[in-house]
Amino acid sequence: MSRIPESSPPVATTVRWRAVDTDVHHQLRDISDLRPYLSRYDWQRLDEYGMPRNSNLYQANGGFRGARADCFGAGNNVDPRTRLDLFQEKLLDGCGIDAAILQGEYTPAVMALADIDFAASLCRALNDWTLAEWVGRDSRFRLALTIPIQDPALAVKEIHRLGGHPAVVAVYAVCGSPRLYGQRYYDPVYAACSDHGLAFALHFSNEGIGMNPAPTAGGHPSYYAETYLLRPQFYQAHLSSLLFEGTFEKFPQLKVALLESGFGWVPAFRWRADATWKSLRAQTPWVKRPPSEYIRKHVRFATQPFEDPEPAAALASVLDGMNADETLMFSSDFPHWDFDPPDAIARRLPAGIRDRVMFETALETYPKLSR
Amino acid sequence: MTGAARKPYPVCPVAELPAGQRRIVTIEGKSIGVFNVDGRYFALRNRCPHRGAPLCEGQVVDFVTATKPYTWETQRPGEVIRCPWHSWEFDLTTGRSLCFPDTIRTTSYPAGASSAVESEKIDTYMVTDLQGMVVVWL
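Note that the protein sequences, when read in sequence, are chains A and D. Here the first sequence is numbered in our numbering, starting from 77 and rising by one per residue. Here the second sequence is numbered in our numbering, starting from 1173 and rising by one per residue.
Any given hint could be a false lead.
Non-contacting residues of chain A with respect to chain D, defined by C-beta distances greater than 10 Å in every case (computed) [unchecked claim]:
1) Asp191
2) Ile192
3) Pro297
4) Ala422
5) Arg424
6) Ala427
Estimated spans, in silico, between C-beta atoms of each pair [what the hints assert, rightly or not]:
7) A/Phe140 to D/Gly1224: 53 to 61 Å
8) D/Glu1200 to A/Glu302: 54 to 62 Å
9) D/Asp1234 to A/Gln135: 49 to 57 Å
Note that these hints are calculated values from the structure, not bench results. Keep in mind it's a predicted model, so treat the numbers as computed, not measured. For each residue, glycine too, the CB sits at the ideal point set by N, CA and C.
Bound-form chain A, shown alone (with noise of 0.2 Å):
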């Protein structure tokens, strides 16, 4: 018996988009949770065990447990990113977003488990129970997948399985990986995103932890404020690597959403990467076009956290030298305790380019959005 909703959930039929949201995060309240959707070995598994953690370390975070402070009105031990109430209330409802796109705060954990088997069990129960307990009772909510990425194979099977669903939308990966997201072992990922039209959203998580390396390219930072500001890196060399080793000559419809990267760095990424092709192009000769052309074609930003340029004017010239009126998309990080309103973020923004940021991008860039 398949335990996804048979139906489709209806589809917000807003008649003007106002904003899209393109990255939230919700969470499991219980591992209990999950048991309705997991083998009865899997769930005795998780019920010994517990969830995976993302780190054997102590983590610090930002806000009060990495979330807002003024949304943990139902007591400090209800997770605010746990309330689907909240949700509406705050975000849905009272921010007017007509779309959210859930990338599951549970994620990283699963695909920072070396038991490939497990984490996609725990994939396919984490998707379905958003499914029916997220998106079926709020249509405005989209899913972005969960995969087992650490297994190609594994994830294309979850990918198939649920790609053709009305509300998923995208595939989610996190940023600390053994490998750089170019490299040709996970060409079946990007193949599958192709076959559902799919985008595939990466978002920050996991550096050093497990297998994969420091979370910043100099070594392990003693505080959390050094982890936060230099997140950047790890956009930048997965970026570096879909651009070098082709992965948008091999999969022409591919789009990649970076969410939570910042956007400022952007255009002098973008020099450098033209700059570094000109001079060494005949060592990677896949590489037709100059790579900030694949960037514009297939590149796309989150607005959160949104840099505040000093001096102000100076936006202006991030936002031209990243074609941000075709690269850019709005996100608030709700419930996260750096969340960014779209009222404030629609402010900052150029008048010309509002539309584009706020829902038009991310309609573009998530086609099943519309649909």
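With chain A's structure known, arrange chain D on it following the hints.
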């Protein structure tokens, strides 16, 4: 510049510029590289529009291309000059950049151009074998 206005400048006897070799000469104050590519002669201005390097002192290489990722194919042996500074590649036979596939300019770069990157073609000159001499026409 019309053909009638060009003047011949001898470079060296043909025997002194065998296939795969080059000569760098100064003609009318311009440094010019003269190349023998498998029996065909080419000449181009010895100045890279990027940073002003002596382009013609760079490596002469094949054009490396690919029909798909993780393949390498060499074409047009010895027809590419790779600038000694930063490795920009130019088609030795036409002076055209291989890095700016759609923005090739046919005009020569202006001296002292403020934006060198906009200049993607190197001036080229006709070369002939005139009575046993390699001759550049300017």
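Review point. Okay, glutamate 1200 of chain D versus glutamate 302 of chain A on CB: inside 54 to 62 Å?
Key: Cβ of glutamate 1200 of chain D to Cβ of glutamate 302 of chain A: about 60 Å, so the range 54 to 62 Å holds.
Review point. Taking the beta carbons of aspartate 1234 of chain D and glutamine 135 of chain A, is their distance inside 49 to 57 Å?
Key: Because 52 Å falls inside the window, the suggested range holds.
Check your understanding: At the C-beta level, are phenylalanine 140 of chain A and glycine 1224 of chain D separated by a distance inside 53 to 61 Å?
Key -> Holds, since phenylalanine 140 of chain A and glycine 1224 of chain D (Cβ atoms, about 58 Å apart) stay within the stated range.
Practice item. Taking the shortest Cβ-to-Cβ distance between arginine 424 of chain A and chain D, state whether it exceeds 10 Å. Key: Given a closest Cβ separation of 31 Å, the condition holds.
Review point. Just checking, proline 297 of chain A versus chain D, shortest CB gap more than 10 Å?
Key: holds, 34 Å
Check your understanding: Are all beta-carbon distances from isoleucine 192 of chain A to chain D longer than 10 Å?
Key -> It holds; isoleucine 192 of chain A is separated from chain D by about 26 Å at its closest Cβ, greater than 10 Å.
Review point. Holds or violated: is the Cβ of alanine 427 of chain A farther than 10 Å from all Cβ atoms of chain D?
Key: The claim holds: alanine 427 of chain A sits with its nearest Cβ about 31 Å from chain D, beyond 10 Å.
Check your understanding: Is the nearest Cβ of chain D still more than 10 Å from the Cβ of aspartate 191 of chain A?
Key -> holds, 31 Å
Review point. So is alanine 422 of chain A really clear of chain D, every C-beta pair being over 10 Å apart?
Key: holds, 35 Å
Violated hints for the displayed structure: none, as all numbered hints are satisfied.
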